[in-house]
Amino acid sequence: MKDNLNFLKDKARQVRGKVLEMTAAAGKGHLGGAFSCTEILVALYYGGILRLDASRPRWEGRDRFLLSKGHACEALYVILADLGFFPGGELENYNKPGCLLGGHPNRSIAGIEADTGSLGHGLGIGAGLALAAKMDQKDFKTVVLLSDGECCEGSVWEAAMFAAKHKLNNLIGIVDKNGLCVTDIIEDCVALDPLDKKWIACGWEVVEMDGHSFDDLLTAFERVPSDRPRMIIADTVKGKGVSFMEGNIAWHHGVPKGELLQQARKELEII
Amino acid sequence: MTSSDKDLRDAFFDELYAIARQDPRVILLTADMGAHSLGRFKKDLSRQYINVCVAEQNMISVAAGLALGGKKVFVYTIIPFATMRCFEQIKVDVCCMRLPVTVVGIGTGLTYGGDGPTHHGIQDIAVMRSLPEMTILNPCDAVITQAAARLAYEQQGPVYVRLERGRFPLIYGAGSADFSRGLHQIREGEDITLIATGNMVHRAVEAADILRKKFLSVRVVDVYRIKPLNTALLIKMMEGTKGVVTLEENCLTGGLGSAVSEVLCDSCKGIALKRLAIPDEHCFASGDREALQQLYQLDVSNIVHSIVRWFPQRAEHVFMEGKEDGFRH
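So the protein lines, in turn, are chains W and X. Reminder that position 91 of the first sequence reads as 91 in the working numbering, one-by-one numbering, no gaps. Reminder that position 49 of the second sequence reads as 1049 in the working numbering, one-by-one numbering, no gaps.
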């Protein structure tokens, strides 16, 4: 287990490093949100949670992962490339003219299940997928990663009530709760908390934990399903891993240059 | 019951019921909207029928998810809620991913009369026409409405059906028309091509019959598929006449008239065009559908008058006739 945790931690460091380089090369990206969900994605893809086969990206029996917070796609791209869904060289072309990998994910990319980027859509799509699986007695699960700012979208709660009514216990939601939206602190804008109670009131099983702890994440993912959909509220830090980015709204889509870029590289141990 | 006695909602949903009985992949989602024939669907095919309640955005996203899971999905509610409340979900979740989801909107144009702008379906053609992947069907009678259900089912990508409420005379004989072409000439004529869609096709036929008596020969074309528009066939039908009139119970901006004007403009045909539609405004007036149609001069008498006033070539004959009939000039 300890070796596995070290492996996962190192993967997370590598993913952040690649994301930093992609963003620096492209001159654009969403570092803050990609860094806050890095452990979540690494736990899902390398922790044995998602049943996938990179050689058969549309294999019917695969688990479905939807990145509803599509702006964090750079972290997902790095992982999908590493797992062989598409050549790693594509990462170097990120956000460049004619590239495969744009600023938000779409289904033309192997391993991407849905076009996302507009917040508030992924959970409803995930509910539909989970319902289709139930209708056809298929055993794949659907996992949807949302941002906490996204939970301000009314459509999220429409989907929440729908999933509970249909007892979609094959649906797992994750809120990357980093507390920040693009220009502000979420709690300064709306009363999002107590977020756990809101999901419980909507009929979901809720687990709240440290979103940067692989122990906590794997435990939450591996829980035996109840008869309800499960929401994992992952407490995270926006910009996690780079000291000057952590909890700083400037790094939602800021791009470090010069000395700051070098400092970020050092902190992520990629130089 | 003959088809002409059938409410167009029932024509559509009875056919969808028959399709869904044969294909369990067909799922119908409704945002708390009913129709007479849906009772049978709900009772007999309960595993294929879901009321998502008053949650149109989620209805579209769930439909997209079901489609990603291999289902062929129909969603149903009143036009403004089916198209505008959840427009972005239709754009991103359905159209960008080219999924087999059919949006069925009830309450075309001013169907809901005095219920006001919240319930009028007069901007939906414009907004849905802006989606590149969308097929838009607007059938006018029970035969083609029934066919529309199957056309939508057989379509690989997104479809929007503007569904009429109520009973209408038959324009098409069963099995007589090829509905793959997107439009159909239903009256011969040489002076003017009158292009209509949905319930206004009936008004167009009535108007054409009156105008013929006034020495104006009007060709009537039913555009039952607004998008993709069969431009080649439409141009062919417009050619040879001296003017084109479009008729729709929809706003001027972005509707059928706009689509036809784009075709005329792009093809450099130089045929004069008159658009009869609801002006660029929200309708707060009270009254039933017929009263509001009259307010916007979409009743037969006003349609005839508008065409007569606009079409100068036969003016002398028509003015004479018109005066006898009490037309205002």
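Hints were generated in silico from the structure; no laboratory data involved. Errors might be hidden in some of the hints.
[As the list claims (entries may be wrong)] Subject to a maximum C-alpha distance of 20 Å in a straight line, what follows is the list of computed PhoX-like cross-link-like pairs (lysine-lysine): (1) W:Lys165 with W:Lys198; (2) X:Lys1042 with W:Lys165; (3) X:Lys1042 with W:Lys134; (4) W:Lys28 with W:Lys167; (5) W:Lys257 with W:Lys96; (6) W:Lys96 with W:Lys134.
Evaluation of the provided hints:
1. About 15 Å separates the Cα atoms of Lys165 of chain W and Lys198 of chain W, which keeps this hinted pair within 20 Å; it holds.
2. Our distance criterion of 20 Å between C-alpha atoms is met by Lys1042 of chain X and Lys165 of chain W, whose separation comes to about 18 Å.
3. Restraint check for Lys1042 of chain X and Lys134 of chain W: the C-alpha separation of about 19 Å stays at or below 20 Å, so the hint holds.
4. As the CA atoms of Lys28 of chain W and Lys167 of chain W are separated by approximately 40 Å, the hinted pair breaks the 20 Å bound.
5. Restraint check for Lys257 of chain W and Lys96 of chain W: satisfied, since their Cα atoms lie roughly 18 Å apart, inside the 20 Å limit.
6. With a C-alpha separation of about 40 Å, the suggested pairing of Lys96 of chain W with Lys134 of chain W is violated against the 20 Å cut-off.
The structure is inconsistent with the numbered hints 4 and 6, although it conforms to all the rest.
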